[in-house]
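> These protein sequence lines map, in sequence, to chains S and W.
Following our numbering, the numbering of the first sequence begins with 115 at its first residue and continues without gaps.
Following our numbering, the numbering of the second sequence begins with 12 at its first residue and continues without gaps.
No lab work stands behind these hints: they were computed from the structure.
You may find that some hints are simply not true.
To be verified - The list that follows gives simulated cross-link-like pairs (lysine-lysine, DSS-like), each with its CA atoms no further than 25 Å apart: (1) K117/S to K68/W; (2) K154/S to K24/W; (3) K170/S to K181/S; (4) K181/S to K151/S; (5) K151/S to K170/S; (6) K154/S to K171/S; (7) K155/S to K24/W; (8) K171/S to K151/S; (9) K171/S to K182/S.
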Amino acid sequence: EDKVVQSPLSLVVHEGDTVTLNCSYEVTNFRSLLWYKQEKKAPTFLFMLTSSGIEKKSGRLSSILDKKELFSILNITATQTGDSAIYLCAVENTGNQFYFGTGTSLTVIP
Amino acid sequence: KAGVTQTPRYLIKTRGQQVTLSCSPISGHRSVSWYQQTPGQGLQFLFEYFSETQRNKGNFPGRFSGRQFSNSRSEMNVSTLELGDSALYLCASSFSPLGSGELFFGEGSRLTVL
Numbered sequence: 115e116d117k118v119v120q121s122p123l124s125l126v127v128h129e130g131d132t133v134t135l136n137c138s139y140e141v142t143n144f145r146s147l148l149w150y151k152q153e154k155k156a157p158t159f160l161f162m163l164t165s166s167g168i169e170k171k172s173g174r175l176s177s178i179l180d181k182k183e184l185f186s187i188l189n190i191t192a193t194q195t196g197d198s199a200i201y202l203c204a205v206e207n208t209g210n211q212f213y214f215g216t217g218t219s220l221t222v223i224p
Numbered sequence: 012k013a014g015v016t017q018t019p020r021y022l023i024k025t026r027g028q029q030v031t032l033s034c035s036p037i038s039g040h041r042s043v044s045w046y047q048q049t050p051g052q053g054l055q056f057l058f059e060y061f062s063e064t065q066r067n068k069g070n071f072p073g074r075f076s077g078r079q080f081s082n083s084r085s086e087m088n089v090s091t092l093e094l095g096d097s098a099l100y101l102c103a104s105s106f107s108p109l110g111s112g113e114l115f116f117g118e119g120s121r122l123t124v125l
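All chains, full assembly: derive it from the sequences and hints.
Below you can see the structure in the form of structure tokens.
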């Protein structure tokens with residue numbers, strides 16, 4: 115059964131901390147892995163990863179994929195209260211089907 | 012540029028009723044996909060439409076159906092509602108078929124089944 119597992123389920127940190135969110139997957143015919151940030155409203159796109167070992171970076175956020183070990187991490191450095199959200203990991207297969215993890219709920223305390 | 016618009020935003024139904032949800036994609040986007048989000052199961056893929064054709068369907072019963080119109084707007088229908096259908100239903104659009112680019116999500120339709 116294809117599945118995506120995210121850990122931890124929830125996380126509480128203080129402003130300025132660095133966090134690492136994990137996403138492991140078992141999806142046949144992998145095409146890409148995507149990270150989304152969901153605050154109160156719609157999930158918003160962060161990164162799409164297709165190749166192993168190539169880090170994608172956007173400001174304080176970065177992500178990398180390991181296709182051999184079947185996982186990805188999302189790093190957030192110097193966290194801010196505005197980073198508080200649910201972070202979703204999704205894996206797409208070559209059949210254009212998306213599998214989402216249940217998300218990691220991040221709370222950043224001032 | 013307007014984002015993905017979903018209506019209604021909130022609705023309450025009773026068991027056995029049916030519901031139709033609407034999704035208007037970003038102008039120019041031809042792919043619309045639907046997802047069910049619940050606290051326990053997370054986001055689960057329902058189906059995807061591209062150019063009025065259903066290209067993929069997730070593991071949901073036949074009570075869940077959808078369609079896409081020539082203007083790319085999509086509707087999703089759930090018949091014979093069950094308590095477990097209470098969820099946030101999200102739709103997402105993209106210019107190309109799934110797999111070719113990022114998804115743009117709407118704010119969702121929150122369905123409560125009593």
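> Indicate, hint by hint, whether the structure satisfies it.
Against the structure, the hints come out as follows:
With a CA separation close to 16 Å, the supplied pair K117/S and K68/W stays within the 25 Å bound. Note on K154/S and K24/W: the hinted pairing holds, with a Cα-Cα distance of about 23 Å set against a maximum of 25 Å. With a CA separation close to 15 Å, the supplied pair K170/S and K181/S stays within the 25 Å bound. A hinted pair counts as satisfied when its Cα atoms are at most 25 Å apart, and K181/S with K151/S qualifies at roughly 22 Å.
About 15 Å separates the Cα atoms of K151/S and K170/S, which keeps this hinted pair within 25 Å; it holds. For a cut-off of 25 Å, the pair hint linking K154/S to K171/S stands: about 24 Å separates their Cα positions. A C-alpha spacing of about 22 Å is found between K155/S and K24/W, which places the hinted pair at or below 25 Å, so the restraint holds. Simply put, K171/S and K151/S have alpha-carbon atoms about 15 Å apart, close enough for the 25 Å limit, and the pair holds.
Note on K171/S and K182/S: the hinted pairing holds, with a Cα-Cα distance of about 21 Å set against a maximum of 25 Å.
In summary, the structure agrees with every hint in the numbered list given earlier.
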